Amino acid sequence: MVDFAGLVNLLFGGLVIGSLYALSAVGLTLLYGAASMTNLAHGEFMMLGGYLAYWLFTAMGVFPLYSLVLAAVVVAGIGALLYLGAFSRIYAREASVAETESMTLLLTFALIMILSNAVAWIFTPNYKSYSAMTNIIEFGTFRAISGRLAAPAMVIPLILVFWILIRRTWFGRAIRCVIEDRDAAKIVGVNISRVFLSCYMIGLAMAAVTGVLYSMIFPITPYFGIEYTMASFVAIILGTVGSVPGALIGGLIIGMAESTLVYYLEPALKIAIIYSILILVLLVKPRGIFAR
Amino acid sequence: MKNVTAEKTKDESRRKFLKYGAGAAVVAAAAAAGYYGLQAPQPAQVTTTTQQVTTEGPATVITTAAKTKAPETIKIGHSSGVTGYLSAAEQICSFWYNLWLEQVNAKGGIYVKEYGQKLPVSLIIYNDRGETDTAARMFERLITVDNVHALWGSYGTFMSFALQPIVNKYKVPCIASNAAPIVIDNPNEYERIYKEGDYFRNKEGQPWYEWNYMLWNEMSYYHEMEALYKALLNAGVKKVAIWEIETLFGVENRREFQHFVDKYGGLEIVTHKTYPFGITDFGSIITDAQNKNPDAVVQFSYPGDSWVSTQQMIERNYNPKLFYNALGMAYEEAYRRFGVNNDGICSHGAGFAAKGKTKGPYGTGGDLLKLYKSRYNEVPDFVDGAIAFATMELLEQAIERAGTLDRQAIYKEMLKAKDNPIPTIIGPVGWDRGPWNEKREGTILQSQNLASPNPPESGFDQEIISSANGSVAKLPGLVEVDLKTADLVYPKPSWRKQ
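Going down the list, the protein sequences come from chains X and A. The numbers in my numbering rise by one with no breaks, and the one at position 104 of the first sequence is 104. The numbers in my numbering rise by one with no breaks, and the one at position 438 of the second sequence is 1438.
Keep in mind the hints are simulated off the structure, nothing from the lab. Since the structure is predicted, the reported quantities are computational estimates derived from the model, not experimental observations. Certain hints may be false.
Claimed, not checked - To spell it out: a stretch of chain X is covered by chain A in this simulated footprint if at least three of its residues, at any positions, have a beta carbon under 8 Å from a beta carbon of chain A; those stretches are:
(1) 65-75
(2) 113-124
(3) 201-212
(4) 267-274
(5) 277-290
Claimed, not checked - Residues of chain A placed beyond 12 Å of chain X at every Cβ, according to the derived structure:
(6) E1090
(7) I1092
(8) K1195
(9) V1479
Where a beta carbon is used, it is the ideal one built from N, C-alpha and C, also for glycine.
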């Protein structure tokens, strides 16, 4: 049996991992829910954010918390270019949602190869790591490096702010309209193209921010993204596609399960546990926890 | 008013044009793909030299007129995962074999007695992306089209086994460089071979040297784990926690270590956890170890997960008296990330130590470490890179000893190394009872003195604290030399503020 201190550490570990999954999932649910973009390269944009933070810190001494903003801006810009240069042509065909999803899936599959190989070419495929925010904060018997504390401390408020944006602003209303019914949104005058562009920029920026936070805690390679893409898809399906609170809760559930259940079972069963939870939830609530 | 019929006809014509046009484009594209696809693959790297060939040779040899026309270069072939999931490992090795190439060609190349002169060396390297079937095809090409004089294998234990049938078929000597020689997966069988004076044999009972052309540069992990076992016993360790990565490396190391614990006793394994490649959270594993309170934590790790566990142990202030973290700590990124907290951590010693006694044609481990740092401005990997360099040293000397580029002659010369081992920076190489190197010691490294007032330069902190080559099981025919450069520091120092 684990003692109280051990349990606190397990739960904290779950919170850290879960918050990273959650932020990544919120970005993905925006892309998939609103823009029907099956972004297989979501983890690669996260990887880009991580490498930007690594490069900015090691080459220029930029503190990683500043890199959060820089990485978000840079990757949002890349998202805009990708949308305007490539993905907008898919939407212009006015194909069905299923066709759009398959076409974006193929395009983003190619992006996985391009991004990971480009980063491997620039930085080498070796593991990279930097030492920032490694001072230890203590609360009684509980200890954590400040970099790990930063993850939930930044992610949860960020997601809450975004959720308020979605619920309380005209822009957020437009996004929700598009998620609910794209054709109806068009009829009432929503500029679908502008909504898509915004979703691409915000969704990928969130992936980049996740990558920066990840790089503060873990070593990075050009190939670590795919695992986060898969976990993000599981999280958004768990929490209902298109639901921001759903993505947050879904990410936290996976993170907590990964950290706590593996203690009682085996770390080797980590992936099996995540997908077992998905199957269980889908059997009870096929459209996810937050489905109406 | 629009002529609907005319519009319809025009539309039909347009559709037909697009249909046939698209069809023609597809056929043309397929034909082009087929044409270029059938073209020979180009090597990922062909490294040649512009060094002038000299007629100088070893001082003791009288040069004679060449009997046959010398080739332009000595061709050594290699296939590996230049891209793909093994590319990080291949990159580590590529720094070293390119360093060797510079060194060997800087002195004019390798002296080949048959031609009475030194010949420069070129490496022909294909990218197999870490795929066994691609590697097999690339090896066939190296042998039958590029006509290489010798080969060294693709990175990874599983690769060597995939390529073994190819090199055996064509009878071309190949060094399995960065691969564990798991030709025997049972340590008891390994011990039997030495105790009975037998050889590793195939199913037909033939001894290995009659049919096998794949020779491993690495010794069996048996001796590495023997050295670890000895180190733990000598330190007075009683209880051990094992953390094992789920790869062939992790499984093999753990199996060999457990063999010593189970058969020769003295240690108790209080917990054994396995974890997947790419793990990001050691929380539950560390919590388990804290509860079981072992004297030593033995982690069979890769770079990446070795840093995650170390970081989280520092965070939780979990400091076992001995921490063996197999791969990744004697590494530039680890020094950058952990700094003084590397102090006291033990690691896999299959490579070399800067102060080690082993020496090859280009100097000791320390000499090569200085050369590497001056060339690349970072601390090298102490395991894979050093093994890669040693592989090139041994190929060079095997060719020089053979005096010819005939593949069979080179292979025969390699077999003679059992009586006249080939020196390399990681130790002597020779094969006798099996195709694994049995002339080298298994060694364990420990980072030391990083917290001293005058800490050593990164890389020069690694001391050999244990070495072994058969003494525990008293295996006859193996020579054990004490390669220790320092005593084990036990218990390891506490974690320090980063």
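Evaluation of the provided hints:
1. For the stretch 65-75 of chain X, the stated coverage by chain A is not satisfied: 0 residues place a CB nearer than 8 Å to a CB of that chain, which falls below the threshold of 3.
2. Counting residues of the stretch 113-124 of chain X whose CB falls under 8 Å from any CB of chain A gives 3; the rule of at least 3 is met.
3. Figure legend: the stretch 201-212 of chain X, annotated as covered by chain A; annotation inconsistent (0 residues with Cβ-Cβ distances under 8 Å, at least 3 required).
4. Restraint check on the stretch 267-274 of chain X versus chain A: 4 residues with Cβ-Cβ distances below 8 Å, three needed, restraint holds.
5. For the stretch 277-290 of chain X, the stated coverage by chain A is not satisfied: 0 residues place a CB nearer than 8 Å to a CB of that chain, which falls below the threshold of 3.
6. At roughly 8 Å, the least C-beta separation between E1090/A and chain X is not larger than 12 Å, which violates its mark as non-interface.
7. With a cut of 12 Å on Cβ distances, I1092/A falls inside the contact zone with chain X, its closest approach being about 7 Å.
8. Against chain X, the non-interface label of K1195/A holds: every CB pair exceeds 12 Å, the least being about 36 Å.
9. Distance check on V1479/A: its Cβ is at least 36 Å (rounded) from any Cβ of chain X, clearing the 12 Å threshold; non-interface status holds.
Going through the hint list in order, the structure does not satisfy hints 1, 3, 5, 6 and 7.
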